[in-house]
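Position chain C against the provided structure of chain X, taking the given hints into account.
2 protein chains.
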Amino acid sequence: MKLYEQVATELGSRIEQGFYRCGDRLPSIRALSREHGVSVATVQEAYRLLEDQGLAQPKPKSGYYVRLRPATPQLPEISRPAQRPLEVSHWEHVLDLLCSGETPGVLSLGRGMPDITATTLKPLQRALSEGKRGDSLRGFAYDSLQGSPELRQQVARLSIDAGCKLHPDDIVITTGCQEALSASIRAVTQPGDVVAVDSPSFFGSMQAIKAFGLKAMEIPTDPVNGISLEALELALEQWPIRAIQVTPTCNNPLGYTMPETRKRQLVSLAQRFDVAIIEDDIYGDLSFQFPRPRSIKSFDIDDRVLLCSSFSKVLAPGLRVGWAAPGRYRDQVMHMKYVGTAASSTLPQLAVAEFIEKGGYERHLRRMRAQYLDGRDQMIAAVERYFPAGTRISYPQGGFLLWVELPGDIDTLQLNDRLQPNGIRIGPGVLFSASGKYRNCMRLNFSDKPSAAQDRALQQVGIEVQQMLQEIDRVA
Amino acid sequence: MKLYEQVATELGSRIEQGFYRCGDRLPSIRALSREHGVSVATVQEAYRLLEDQGLAQPKPKSGYYVRLRPATPQLPEISRPAQRPLEVSHWEHVLDLLCSGETPGVLSLGRGMPDITATTLKPLQRALSEGKRGDSLRGFAYDSLQGSPELRQQVARLSIDAGCKLHPDDIVITTGCQEALSASIRAVTQPGDVVAVDSPSFFGSMQAIKAFGLKAMEIPTDPVNGISLEALELALEQWPIRAIQVTPTCNNPLGYTMPETRKRQLVSLAQRFDVAIIEDDIYGDLSFQFPRPRSIKSFDIDDRVLLCSSFSKVLAPGLRVGWAAPGRYRDQVMHMKYVGTAASSTLPQLAVAEFIEKGGYERHLRRMRAQYLDGRDQMIAAVERYFPAGTRISYPQGGFLLWVELPGDIDTLQLNDRLQPNGIRIGPGVLFSASGKYRNCMRLNFSDKPSAAQDRALQQVGIEVQQMLQEIDRVA
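Those protein sequence lines, which keep their order, are chains X and C.
If you're matching positions, the first sequence starts at 4 in my numbering and goes up one per residue.
If you're matching positions, the second sequence starts at 4 in my numbering and goes up one per residue.
Same shape as in the complex, but just chain X (with noise of 0.2 Å):
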C-alpha cells in the first residue's frame, strides 16, 4: 500500500466510524502532513482518493468536507419474473425509446446517453480530426478484423483494473457494445436456446435474444446483490439453458454491483453446469467506488466467460468503439463480427487508443464519476420530494441510470404518453423485462448536470403520477 493510500484508508475509516460526521470539515492539508510526517502533495493525493471514493468533497477556498450521502433510499424489492423461457417482446417500445432522443426539445430522461460536453473530452476530439499524423490513408483502408493493434493493447492495459490479465490477442474490436453482445450470444447458442438473464435486463441483448430465435429466461434480481443464484440454479437444472447474460457491475438498470464472493459463485456455478456467461461490464468503470469492482471475468480460470464492453457510456457513444474477450470462444466471435459488419470503423479505434495512452481517460473518468455521484444524489432527493409515498428507488453503485418503482397499478407506458405534451419521455419498465413485467417501473438518467430544467421535469413526472394514482383510486 503506498503512503498515500495509508492516509486515505485512515482518514477514511474514521469517517466511517462515525468520528467525522456528514458535512463536517475535515483537517486542513497542512495539519494532516504535519500528523503524518508526509509531504503536502501526499495529502493531496490521499484526498483525491477519498473524493473518488465518495467520502470527501472538496469545497473551494475553505478545504475538504465529508461528504452529504444521502441515506439509502427505500429500495426495490426482489423481483418476481415468469418461471418459464419467454420469446421476448416490446420491440415497439425499444423502438420508440431510441427514437425520443432524436427529436428536438424533448427531454429524453429514459436513454442510455452520457454527458458529451465535458472538456476532458477535448483531446479525444482532436485525436479524431488530426486522424493519425503521417498515416492518413489509414483510416480509409480496411481495420484488422480482430481490430486496431493499438487500440487493443490499451484495452488490456485498462482491463487490468478491473482484476483482469488480457493480453491484446484476447480482445476483439467491435462496433460499440451492442456488436459485442449479439456476436457473443449467437456465439455460444443455436436457435432454440435459452438464455438466462437478470432481471430487469438490458433491453439490447434481450433483443438480440430475439433475433437469434433464442428464448430469454428472467431469474429473480436482488437490487443490492443482483442475480439470485439461489433461482438462477433451479433454473439450470429445469431447462436448456446454454449462457447466462448478466451485467454484475452498476447495473442497467437497477445500479448494483454484485459483491465479488457472488461474482465467485456464478463463476462455478457456470462451470458446473458448463454453461458460457456473457458479462456486459459497460458501466464497470464508471463505478462510484475506486479502485473499480472486479469483472466477472477476472475469475474466469477456464476461459467461459465473454467480457462485453465498449467507449459508448465513458466517453462517447457516437464513436461506435466496443469490444469483447471472448475466451473460448473468440474465433466464433470473430466469425459473427465478420458476418455482421466485416471491419469496425477505423478512424475513431485509433482516435480513442490515443486518447487512453496519453492519459485523457483516466482524467476523463474521474471527473464523471464526481459529476454521476452528485447527479445520482441529487436525483434520488428529487424523486423522493416530488413521487408519491410508496415510490421505491434503486441506489446505483455508480453508472448514470435510475430505477424507480411507482406504487399503485400505474402503467409507464401511459405516463409516457401523458408525459408528451410536456415534452418528456422517461424509459418504461416493460422495455426490461421480456414478458411485459416492470410496468410500474421506469428508468431515469442523471448523466447531464443537475439543472432547473430537469427539477422542473422531475416535478411534472411527480405530479402525473399523483394524478394518475387518484384517478385508479377514484375508478376503485
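These aren't lab readings, by the way, just hints derived from the structure by calculation.
Please note that the accuracy of each hint is not assured.
The list makes no distinction among identical chains, and a pair is therefore deemed to hold if it is satisfied within one copy or across any two copies.
[To be verified] Once the Cα atoms are required to be at most 20 Å apart in a straight line, the calculated SDA-like pairs of lysine to any residue come out as:
no.: 1; residue 1: K125; residue 2: D451
no.: 2; residue 1: K125; residue 2: R141
no.: 3; residue 1: K125; residue 2: A144
no.: 4; residue 1: K218; residue 2: G195
no.: 5; residue 1: K440; residue 2: A159
no.: 6; residue 1: K452; residue 2: A144
no.: 7; residue 1: K440; residue 2: R477
no.: 8; residue 1: K5; residue 2: R442
no.: 9; residue 1: K361; residue 2: S42
no.: 10; residue 1: K218; residue 2: T192
no.: 11; residue 1: K440; residue 2: T12
no.: 12; residue 1: K361; residue 2: A392
no.: 13; residue 1: K452; residue 2: R141
no.: 14; residue 1: K218; residue 2: P194
no.: 15; residue 1: K361; residue 2: I32
no.: 16; residue 1: K62; residue 2: D380
no.: 17; residue 1: K168; residue 2: G330
For chain C alone, coordinates are given in the frame of chain X:
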C-alpha cells in the same frame, strides 16, 4: 437528349460500325464543332462522355483516339454447382484471405480493396478531420438508428442514376455493405430456410447464410448473362427458398452485368414464387458503361427487393458506411441493425454526406472508372501472356475484380501456399462456393495502378501454375 449526347451518340455509332478502328485518331474538336455546327464546349462534353463509355481515350497534346479494346478473353463456362441446398463451409479460408492484407510486404492480389490513394479523395479526408463545423459534439452522440438524414438524402439522390426513386426514409444506413447484407438476409429468413445464390458468389453473404443457420442453393451462372433464370425457376419449384441473393451489376467475382431484360425477368420470377430478392449493388456505380446500368431495385414494383450497397468500393472501406433500401422489410432490417450494432459511427456518415453534396463523389467516380478500365485491360493482357493455354478469364463490365479459371486439376489453395515465399496471395476460388467448387479458380484485384511489381507478380503466378501443371502431368 442533350446536344452533346447527340454528338457522342453519332460518333459512338461510327466507332461501333468500324468507321473508325481501334487506335485511330478521331476528328479534332474544332473539326467536329464545324461539322455539327455546335460549340467547342459541346464537343468537349461529347468526348468526355465517349471516354466514360470506354470508346475514346485522350492522348496529351494529340487529341482523342479510339480506345484500344482487347478482344473479349476466352470466358469461363457457365458454372455447374451442386443441385441441392448446402451448408456453407470454408470460413477458415475466408479468414486467411481477410488477414492476408494485414501482413506487411505481402502483395494481396485477392482482396476486394479499392485504390484509396487518389487525390480526388482529399476533400473526403478534409471533411472527416473538420467534423461538422459548429456542431462538433454531434459526432459523439448516438446517430439516429436509421442513419443520418443528410446522408440518407444524398444516397437517395445518387440512387436515381441506377433508375431508382427512393425517399430518404426508404434508406437505412449500415456499418458497411456487410451489415446491409446480413441484416437483409436475417430479416427475410428463419433458421432452416434456403437462400438461392448466384455461383460463384460473394463469400460475405454466404458466411452470413452459414451463421444464421440457413442453407445456400447455388444456381448455375453464366459469365455474361448472370444467374440462370431457368435453373433458378427449377430450384424455386423444388426447394423451400425464401430469398434470392445476387450481385447482378459488376458481379463479384465474375464481373458481368445482367442485361436489363433478365433483371426484369428475375423480378417477375420472385413475384411468382413470392420470395424476396437481396441485391448486392456494391460495385454498381463502378460500371464501365455510362450512364451506369439500372439496378434490379429499379424494376421492383411491389417492394420485395432489398437493395444493399456501400461506399467501401467507390470511396474507402475503412469508413464502414453502407446502406440498404429494404422495401417492405424496412422495419425488420432496422431491428436487425439495432440488434447487431445499435447505430453506425456518426462522423464518417457526416463526412461522406458532405463529400457527395459538394460533388466530390462524381469527380472521384469518373477518375476511378477510367483507372479500373485501364487496369482491367492490362491485367487481362498479363494473364493471357503469363498463364498457360486453356486459362479462361472473365471480362469485367465494371469494378476491379478478375476471375481466372485454370486448366487441369490445379488447386488454387495449394497455389496460394506455393506463392507464400514470394510474398504473393491470390483469392482462392473455393471461397466463392458453398461446397468447395471452383478449386481451379482464383480472384484477382486490378484496382492498383498497373505497375512493374504487379506485372512481375502475375508472371510469378503464371510460372507457378505452369510448374504445377507439369507436376500433375508427370504423375498422370
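So, going through the hints one by one against the coordinates:
1. K125 - D451: within (18 Å within a copy, 38 Å between copies)
2. K125 - R141: between (22 Å within a copy, 13 Å between copies)
3. K125 - A144: Intra 26 Å, inter 14 Å, cutoff 20 Å: inter-copy only.
4. K218 - G195: both (7 Å within a copy, 18 Å between copies)
5. K440 - A159: Intra 38 Å, inter 41 Å, cutoff 20 Å: neither.
6. K452 - A144: between (39 Å within a copy, 17 Å between copies)
7. K440 - R477: neither (25 Å within a copy, 74 Å between copies)
8. K5 - R442: neither (49 Å within a copy, 64 Å between copies)
9. K361 - S42: Neither: 27 Å inside a copy, 60 Å across copies.
10. K218 - T192: The answer is both: 11 Å in one copy and 18 Å across copies each meet 20 Å.
11. K440 - T12: Classified as neither: same-chain Cα gap 43 Å, cross-chain 68 Å, threshold 20 Å.
12. K361 - A392: Neither way: K361 and A392 sit 49 Å apart in one copy and 59 Å across, limit 20 Å.
13. K452 - R141: This pair counts as between: shortest inter-copy Cα distance 19 Å, intra-copy 37 Å.
14. K218 - P194: Both, since 9 Å and 15 Å are each at most 20 Å.
15. K361 - I32: Neither way: K361 and I32 sit 29 Å apart in one copy and 59 Å across, limit 20 Å.
16. K62 - D380: within (17 Å within a copy, 74 Å between copies)
17. K168 - G330: within (12 Å within a copy, 47 Å between copies)
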